[in-house]
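Line by line, the protein sequences give chains A and B. Using the numbering used here, you'd call the opening residue of the first sequence number 42 and step up by one each time. Using the numbering used here, you'd call the opening residue of the second sequence number -16 and step up by one each time.
For the record, the hints were derived by calculation from the structure and aren't laboratory data. None of the hints are false.
Here are the simulated lysine-lysine pairs, DSS-like style, with alpha carbons at most 25 Å apart:
{"#": "1", "chain 1": "B", "residue 1": "K496", "chain 2": "B", "residue 2": "K352"}
{"#": "2", "chain 1": "A", "residue 1": "K121", "chain 2": "B", "residue 2": "K428"}
{"#": "3", "chain 1": "B", "residue 1": "K428", "chain 2": "B", "residue 2": "K352"}
{"#": "4", "chain 1": "B", "residue 1": "K537", "chain 2": "B", "residue 2": "K288"}
{"#": "5", "chain 1": "B", "residue 1": "K537", "chain 2": "B", "residue 2": "K352"}
{"#": "6", "chain 1": "B", "residue 1": "K428", "chain 2": "A", "residue 2": "K116"}
{"#": "7", "chain 1": "B", "residue 1": "K537", "chain 2": "A", "residue 2": "K121"}
{"#": "8", "chain 1": "B", "residue 1": "K352", "chain 2": "A", "residue 2": "K121"}
{"#": "9", "chain 1": "B", "residue 1": "K507", "chain 2": "A", "residue 2": "K116"}
{"#": "10", "chain 1": "A", "residue 1": "K116", "chain 2": "B", "residue 2": "K352"}
{"#": "11", "chain 1": "B", "residue 1": "K507", "chain 2": "A", "residue 2": "K121"}
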Amino acid sequence: MPRALGARRRFSLVFAACLLGLLAFAAGASADVLSPESGGSPNADLVDTLWWIVFVIALLVLTGVLGTLLLFIVKYRARKGRVAAQIHGNTRLEIGWTVGAAVIVVALTVVTFIMLPGIKDPEESGGGQSASLAGAQLVSVDQPKVPGGRSLTIDVNGQQYIWRYTYPGGVYSYEEMVVPANVTVVLRIRSQDVAHSWWIPKMGGKMDALPGYTNYTWLKAPKPGVIYRGQCAELCGRNHADMVARVRVVTEEEYRAFIASKRQQIQQANRDATAQRQRLQPRGQGREP
Amino acid sequence: MEAATTHTETTTVPSVQPALRTRPRPQIVAHSVPRRRAGWIDWVTTVDHKKIGIMYMVTAFVFFLVGGVEALLMRLQLGAPENTLIDPEKYNALLTMHGTTMIFLFVVPMMAGFGNYMLPLMIGARDMAFPRLNAWSYWMFLFGGLVFYASVFYAPPEAGWTSYAPLSSEAYLPNGGIDAWIFLVHLTGLSSIFGAINFYVTIANMRAPGMGWGRLPLFVWTLLTFSVLLILALPTIAAAVTLLLTDRHFGTHFFNPSQGGSPLLWQHLFWFFGHPEVYIMILPGFGIISEVLPVFARKPIFGYKAVAAASVGIAFLSLLVWAHHMFTTPVSTAVLAFFMLSSMIIAVPTGIKVFNWVATLWRGTIELKTPMYFALGFLGFFTLGGVSGVILAIFPIDWQLHDTYFVVAHFHYVLVAGAVNAILAGIYYWFPKITGRMLSEALGKISFWLTFVGFNLTFLIQHSLGMSGMPRRIYEYPDVGQLPIWNLISTIGSFVLGVGVLVTAYNVVRSVKKGKPAGPDPWKANTLEWFTPSPPPANNFDAVPRIRSVEPMKDIRRAVQRATREQREEREPVKG
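Kindly produce the complete structure, drawing on both the sequences and the hints.
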């Protein structure tokens, strides 16, 4: 019997070591293995910081409970001559751990609400230049206000199974959003069919696109020349997995050039379409839009 | 033969020990003895709570295996990036069937099955308060399941177990799968409501003499809260799916945004049911753990009153946390803050339970039998699921983790490491009572280690998958970063887990005929179901002892020991 016991304990130890090893390996393989993605926007970075605070507290609680559990399992195994102590409880202990749990909850809440404004409220745009971006911010009552007033608002519209972005001035693009670096971009998120969810992991949390509602979030990319990837995060039908999104960060000049060329492209496309319609109409095959 | 053993027990035990003399109980007058019917007709027509309980458990376990196969198919598809094994249509059907099956057709009815079988036995009752209603509950559950699975032959539902509007509306999913889902919710919902009323009335009125609320077994306490929650939460989902049905077929626009309806309303109604449902699934599991731990630690439960009160507290709070499933929808900060706080506060009574369970082991003598393995597995990994739940309650963090594999990992830690471990503990603990035979300990431990390793391989890595940006409910993912290797680990784990469950299924099938005979009380347990022979006779008890504590069987064993000692001393007086 004692030999079997030892074997089992050795097995558990080896098993625990394997698990830990696996975790350590995974941690080495990628820095973000134990925390959410970040780096594309200050709100994502703050969520990451908040995560680490909470994660460390959670890990302490978890190892405390699991450690005690394992200790008791090993220490209080039934053995010859050992009699279980017939203890029914202890009121002081009950009050103690109730208060303890409550204190942890309060601490987590306080930390969260200290950090919340930085995550929720848009930051001031960087650079400080007063050069106007293409199109002024559209004013709305419930839209988050950007301090300094220099910002960009882009409409994000979810539809089965593609994202459409409308920039100030009515220029639009699909799938890939182009934003200037260091400028606060407020996103107005809507849907025209079913529920979708806007999510670029490195640029902050997701916000649902619900038909009939407008949802807001914001981002401020630190540097140009980066493409951030994400995808729809709410089951929206069969091709939900293919509803991807990209955010390409560029300089302000590149952004203005992009808007201008997009506008030209759209105007050209509209002219072509009108010409096509006029060509087809006399033959009676075209339809009025 | 069974009747004979009970007979001798009731005549000899009270004669040696006055403490065990039974109080006169109301007589049941039988006007006729029902004819015993042959074979399957007996099962189909039965109103015996034990037979109904067995039917519940067997049916639920079959659905568990079906739901498990659906999960394995999904894991197979996700085992490699850009896999084309299963097309998106079938994948969405699989994820809907898997979630719906595990929740409506496995965990809740399985708990109802344990409750049906054990509740009257644990409180010393002859049967449930309404035996016919009880049989009806079972058949509603079975037909709900059949109606739902019939959709496999035309068009299974594809909108997830949450069936979010407007995706679930006729415009986007015109086929009948969603309707099958709606009828499943109605039928199993009615089944659960009537079952819950039956539990409640039985617990309130049919307890053994002396069994006050302070001496109610903890499993029965959790069944009581389970019942109250079902009665409060299920009408909401019944109403919601009826609105969805009229939206789909009769031209109403409750959830149609283009006609002034609100998709957000569906989410509120759904989760007002959906979150209590989570506790409906886990509370009886808590009860099973609270029964198993003290028996195998040979110690009374630590803080009986705190554990019972925590169940009630959890049940109450669970009605106030639903919108934490909706942190990313357009709601105000005040709403976010309220639901974050209520969700975190629920960790306090849950924490109290965990601490009391761990304290129950302290200075005990732990016998590591199979039920105890599963109970300890529950304790460890349910705690992990609870801790990740607190993290998710913090809404800025939830904005990142919501609808990702992190959430999938979280609720599988709660429902598989939690509810399923508790169910397996319950199967190994009560199988001897139900069949009169022991399950194989060796196979049980193999099953435990396989499920333990398989489960953690499958789900631990999914936390990281979610944090790296993998949303849930996607049928494919690109070949970038660690996604392929982590998904492969998860897929391998899921098959190990599946084999572990099959070992228990085999163990059950094998032991019904070949298991060692168990006797009335193989574990030297605490509660009243172990007083009667295994399996119990149709009338459960010929006589019910007066209850003087939470552990009546311990009292009885002590009394019998004392009595035999006295008898021996009478026969051969101590030499002086």
